[in-house]
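K.L.:
Keeping their order, the protein sequence lines are chains D and L.
Start counting at 1 in the first sequence, then tack on 83, and there's your number in the numbering used here.
Start counting at 1 in the second sequence, then tack on 1, and there's your number in the numbering used here.
Where hints are given, some of them may not hold.
Said to hold, decoys possible - One-sided and incomplete, this derived list gives chain D residues near chain L with beta-carbon spacing under 10 Å:
(1) H90
(2) P91
(3) V94
(4) I95
(5) C96
(6) L109
(7) F111
(8) T115
(9) M128
(10) T165
(11) P169
(12) S172
(13) R180
(14) Q191
(15) R198
What the hints assert, rightly or not - In silico lysine-lysine, DSS-like type, Cα no more than 27 Å apart, as pairs:
(16) K4/L x K104/L
(17) K99/L x K97/D
(18) K53/L x K124/D
Bear in mind the hints are in silico, worked out from the structure with no lab data behind them.
Don't be surprised by glycine CBs; every beta carbon is placed ideally from N, CA and C.
Each chain, written out:
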Amino acid sequence: GAVVSQHPSWVICKSGTSVKIECRSLDFQATTMFWYRQFPKQSLMLMATSNEGSKATYEQGVEKDKFLINHASLTLSTLTVTSAHPEDSSFYICSARDLVRRGGGHEQFFGPGTRLTVL
Amino acid sequence: DAKTTQPPSMDCAEGRAANLPCNHSTISGNEYVYWYRQIHSQGPQYIIHGLKNNETNEMASLIITEDRKSSTLILPHATLRDTAVYYCIVSFTGANSKLTFGKGITLSVRP
């Protein structure tokens, strides 16, 4: 399968600061990328869907001004958690899909996740 | 997207087949069945998907009932590394489709 990377793999920050997480598709062009959040012992919750060159679509209840998503190229999407607070501490996972080449959009390839801890 | 129901957990012995059930009684005609798994503290891994026919790849087999209301993921020879949470997801495919993860089933493979 295709490879999706995330950076950093973990980050600790102080309350009130902003944190940027990068998601890259390494060997394919991702027409669509997704951002998920996972709290301990819970399932993945979709936060937003982003298509290259257009604004992200956020799920209900997700603050778009707090979680800024940029999908500026076909291989890179970024999630910025602005003014982070302890309740934003979570495991953030991105995924990518290539509708054109890979199985007609059946497979989503997930990154390894980023563990965010806000003190 | 249709919802799925999975038992919370199951276990099997190493080397034996693991059969993971999933109910999706409200699946619509053009929704696919996907299986992903998540090993602790990692991102989910795609396993297999299918529409109507049974499917097999190097990781697993997917058996879908004729009425498509349920399916079974089969790991033919489970190993300790197969211990993970397995998610059965029903979804359309295409540009606007997205995966909605439920609670999944925790498979524990014992030595």
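K.L.:
For each hint, tell me whether it holds in the structure or not.
P.N.:
Quick rundown of the hints versus the structure:
About 13 Å separates the beta-carbon of H90/D from the nearest beta-carbon of chain L, more than 10 Å, and the hint is not met. Proximity of P91/D to chain L is violated relative to the hint, the smallest CB-CB distance being about 14 Å (cut-off 10 Å). Because the beta carbon of V94/D sits about 15 Å from the nearest beta carbon in chain L, more than 10 Å, this interface hint is broken. Interface restraint check: I95/D against chain L, minimum CB-CB distance 16 Å, threshold 10 Å, status violated.
Against a cut-off of 10 Å between C-beta atoms, the interface hint on C96/D is violated, since the closest Cβ of chain L lies about 19 Å away. Taking 10 Å as the C-beta contact cut-off toward chain L, the hint placing L109/D at the interface is violated, the least distance being around 14 Å. This hint is violated: F111/D has a C-beta 13 Å from the nearest C-beta of chain L, more than the 10 Å allowed. Interface hint status for T115/D: upheld, as the beta-carbon distance to the closest one in chain L is roughly 7 Å, under 10 Å.
Taking 10 Å as the C-beta contact cut-off toward chain L, the hint placing M128/D at the interface holds, the least distance being around 8 Å. Evaluation of the T165/D hint against chain L yields a violated restraint, the C-beta minimum of about 23 Å exceeding 10 Å. Against a cut-off of 10 Å between C-beta atoms, the interface hint on P169/D is violated, since the closest Cβ of chain L lies about 20 Å away. Residue-level restraint check for S172/D is violated (minimum Cβ-Cβ distance to chain L is 14 Å; threshold 10 Å).
At a threshold of 10 Å, the smallest CB-CB gap from R180/D to chain L is about 9 Å, leaving the interface hint in force. Against a cut-off of 10 Å between C-beta atoms, the interface hint on Q191/D holds, since the closest Cβ of chain L lies about 6 Å away. This hint holds: R198/D has a C-beta 8 Å from the nearest C-beta of chain L, less than the 10 Å allowed. Note on K4/L and K104/L: the hinted pairing holds, with a Cα-Cα distance of about 11 Å set against a maximum of 27 Å.
For the suggested pair K99/L and K97/D, the alpha carbons sit about 33 Å apart, so the restraint of at most 27 Å is broken. About 32 Å separates the Cα atoms of K53/L and K124/D, which puts this hinted pair outside 27 Å; it is violated.
Hints 1, 2, 3, 4, 5, 6, 7, 10, 11, 12, 17, 18 from the earlier list are contradicted by this structure; the remaining hints agree with it.
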